[in-house]
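A.B. asks: Chains as they are written, first to last, in this note's numbering: chain S, 1 to 295; chain X, 1001 to 1311; chain V, 2001 to 2356.
Everything labelled a hint here was simulated from the structure, so no lab data went into it. Any given hint could be a false lead.
Stretch-level coverage of chain S by chain X, calculated; a stretch enters the list once three of its residues show a Cβ under 8 Å from a Cβ in chain X [as the list claims (entries may be wrong)]:
#1 131-142
#2 164-173
Computed from the model, here is a short list of chain V residues facing chain X with C-beta under 10 Å [to be verified]:
#3 A2016
#4 A2018
#5 L2065
#6 G2077
#7 I2080
#8 P2084
#9 A2096
#10 P2101
#11 N2108
#12 R2159
#13 A2162
#14 K2166
#15 A2349
A short list of chain X residues far from chain V (calculated; beta carbon distances all over 10 Å) [what the hints assert, rightly or not]:
#16 H1042
#17 I1045
#18 A1057
#19 G1066
#20 F1077
#21 V1098
#22 F1156
#23 V1180
#24 R1202
#25 E1204
#26 S1215
#27 V1223
#28 V1292
The model shown is predicted, which means the values in this text are computed figures rather than measured ones. Idealized CB from N, CA, C, for every residue including glycine.
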Amino acid sequence: MTATPGGPLSAAAPGGGALIAAPKGGKRRRLSRGQTIARIAILVVVLGYLILPLFAMLEFSTRGDFGSRSLNAYAAILGKQDLIDSVTTTLQIAVLTVVGMLVLLVPTMVWTIVRVPRMRRVIEFLCLLPLAIPAIVLVVGISPIYRFMGQNFGKIGASPLTLALIDIVLVLPFAYRAIDASLRSIDTATLADAARSLGAGWVRTIVQVIMPNIRAGILSASVLAVALVLGEYTISSLLSFNTVQVVIVVLGKQDPFISVAVSFSALIFGFVLLVVIARVGGGRRTTRQVEEPAV
Amino acid sequence: MTDTSASAPGQPTAQAAGLASGGAGSRRFRGARNYLALIPFHVYIALFLILPTAIVAVGAFTTATGLPTVDNVTRLFTDETFVDAFTKSIELAVSTAVAGAIIGGLLAWAVVRGDPNGPLRQLVIAASGVLAQFGGVMLAFAFLATFGFNGLATMFVRDVLHVDVLTDASWLYSLTGLVVVYTYFQIPLMLIVFLPSLDGLRQEWYDASASLGGSSWSFWRHVGGPILAPAFLGALLLLFTNAFSAYATAAALISQGASIVTLQIAGSLQSEVVIGQENVGKALALGMIVVVSIVMALYAFIQRRASRWVK
Amino acid sequence: MTHSSPNAASNGHGVAVAFQDMHRWYGSVHALNGLSIDIAPGELIALLGPSGCGKTTALRALGGLDDVDEGRILVDGKDITNVPTNKRNMGIVFQAYSLFPNMTARDNVAYGLRLRGVDSAARKKKADETLELVGLGQQAGRYPHQMSGGQQQRVALARALAIEPKVLLLDEPLSALDAKVRRQLREEIRRIQIMIGITTLFVTHDQEEALAMGDRVGVMSAGRLEQIGPPSELYDRPKTRFVAEFVGLTNRIAATAQGGTVNVLGMAVPLLEGSDQSGPVEALVRPENVRLTPTDDGEARVAAVSFLGSLCRAQVTLPDETLVVAQMSASDARGLYPGAAVRVSVEPAAVFAVAA
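Turn these sequences into a full structure, and let the hints guide you.
C.D. replies: Below is the structure:
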């Protein structure tokens, strides 16, 4: 389980979860009066409840003197050097995690489809295994390893960028599902065979033929990885690395307004990111059958 | 066929051996080579997942001085603090999972009945995606801003409604607070995990049931309910695991008091000074692995059964 | 079938169904545009047309699955336009995936009876009987995912029939099946329908299916009924351009029309009503009405010959580069091979012609 409660379990759900699903079956029918009322009631109550804390965050972080509104908290963010530093560090970790995850997963998954289908089950199991090992447990087992790295690999071994190594493991289940869904949606084996028969080597096949066609899955996995790294607290804090969440908590004890402001900004950022990615990556899912031209 | 390579008569050249279809040696060699490409992945997993787990598992059965023992593990069942911690963790996980599943399930139904390509559905799903990925820390702060001593809701209820029920905001820092906060993120998670199953309910089934004389209720009772039950149960288990394993929110809200397992494990990590404490933490961690593994195994089992029906 | 089944009404199961000037809009799309059809008791009407023509909309309106904006639907003389689906007592067979996956075939079939309060033993008996009727007596205990597509559709049919409905609606029930299974199943459906004598509406985009099954076939296009009549009438005497082109294969051959006849390839042939009556036209000639005579001084050349069992089809290039398809029995195809020179003529059957 990831360090964040909730975590991107969406992609762990069968079929990649709601982010990739679409309704099956014939046309939807109109609801009855009673059902429509129930539907609206549920939407209002539940969505209202979900929006409340978000709105409260906005309200809280924009409080000025004597009941006025002020953006001081947000401005002050820029003044907090350790916060800015932690954001930079965390973003670097995020990039490393995404790259590492892709390099590790994509060739492996493609290879299982094309050459060793028998291992598909094994790989799937291994990728879903992190779900059974909560982050808090992982950090217990990994701190001796980190001590070892810090002592023997000098500055690199002690740098917070090494967090990427674990974050890759944490994101595996979700990234696997996302990429797997994409690989299943295209006939990967045939594409690979076609590319190979035309003379492409394996690297070229994967990078130039397969990957462009699983863009949605890669994008989805990358977004999940970024979100996970940005929200990761458990391992960072217990290994004493100053990632953005760790700093927010420390800050929170001194100045709750800034912490809430940062949290809210991160939320907006995440939302925009997700919407953009969903538009670019997913796109319209209705594949209209192209009519045969009348000969 | 004349061949010019210098080979003893009757001895196939390497080339011929390679060309001979199904030459047993060459096939096996090719087969083994295929597995080679998977090695980096396995090494990585071994190093950063298997090894730490093994360290935990072994450490749980080791004393501080390195001798094998079952003391750490038995303490889990005898020491009241630990029993209490596991109980609280499980209660927390169960209650928030059930609440999240029911509310999230209703929300999913409400969303699914709308336009599949409409803005409401897309917005709610995107928002749920973000909220479910909402770091535990940020979630804690969101609730502080709402129900904390100076929180929006606290002040509203106190100043506008003139009711004192929320004024003492210390409940937020107790187990009750955790329940409320955890339920908050269980809802979007439930939506994301469960929505595809609702989508999978084909309109034809509903139409067929209606054409045969069934009302909405008969459909849900005989068709929709039974079909969704495994998926719902599976989602419930997922939600349970989620809440059970969570640490960040609790750490951010509760500065002291180690009433749940994850906090106790963190405590044992940070106070390695106390002799013998370290490996008890490992025992606790092992306990967590066992609980989560059982639940995930159940989940996998239910998943497989459920996918039998709905293709 | 070129006539209404005479036995139907006497079985007493059939009721008359009528669509009266039905209109339905989906946004700006006029899905049903003044559709009016009278279905006699026990009759099987096949609604045929391309996707989007409104045939499925019509069926769903009859079944109560979709609303009607204007117009009425009458069943057995009663206006049921506003009656909800679950009170209409009609059997509906959908294209695919309509069986409840969590129930066995028997339970699926018995579902409607269960809702009507029939007791367990009677339900089982009736379900088993109906499954026997569709040839699946042995499969009663199987689940849908354990059955082939064809078997599933039979169960769906049994389920629809078990409630002894007044009307049977089939929404492209065979479209998702293999060709061979399709042919087999459609004959069985027809046989059962005649035996029970139930009024049936069958929707399909496959014209072979429609012509083979319907007592009458209705061709629809853009929400309107182009023509309705016995299959042979649609085939031999299409009334509109759309029907002429949609039903059966046609060759478009340049010709000249004047006053009720059209001059095609040297033959004067009667023109069908609704055609363009004069000037340069394209005559729509069926392949079986194209005659090929191998002769050394023929001006047309055979491009390809396809052997279809008892029939042969030959593609022929006319002197003006038009490609024409002729169909003949295998024995008549002797002497035809790619490159052969032939003389092309047409039978004197009436044709439809459209302005060139």
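A.B. asks: Work down the list of hints and note, for each, if the structure agrees.
C.D. replies: Hint check:
no. : hint    : result
1   : 131-142 : holds (count 12)
2   : 164-173 : holds (count 4)
3   : A2016   : 20 Å, violated
4   : A2018   : 20 Å, violated
5   : L2065   : 5 Å, holds
6   : G2077   : 21 Å, violated
7   : I2080   : 13 Å, violated
8   : P2084   : 8 Å, holds
9   : A2096   : 8 Å, holds
10  : P2101   : 4 Å, holds
11  : N2108   : 9 Å, holds
12  : R2159   : 7 Å, holds
13  : A2162   : 9 Å, holds
14  : K2166   : 12 Å, violated
15  : A2349   : 44 Å, violated
16  : H1042   : 35 Å, holds
17  : I1045   : 35 Å, holds
18  : A1057   : 40 Å, holds
19  : G1066   : 55 Å, holds
20  : F1077   : 41 Å, holds
21  : V1098   : 24 Å, holds
22  : F1156   : 44 Å, holds
23  : V1180   : 36 Å, holds
24  : R1202   : 6 Å, violated
25  : E1204   : 4 Å, violated
26  : S1215   : 6 Å, violated
27  : V1223   : 5 Å, violated
28  : V1292   : 30 Å, holds
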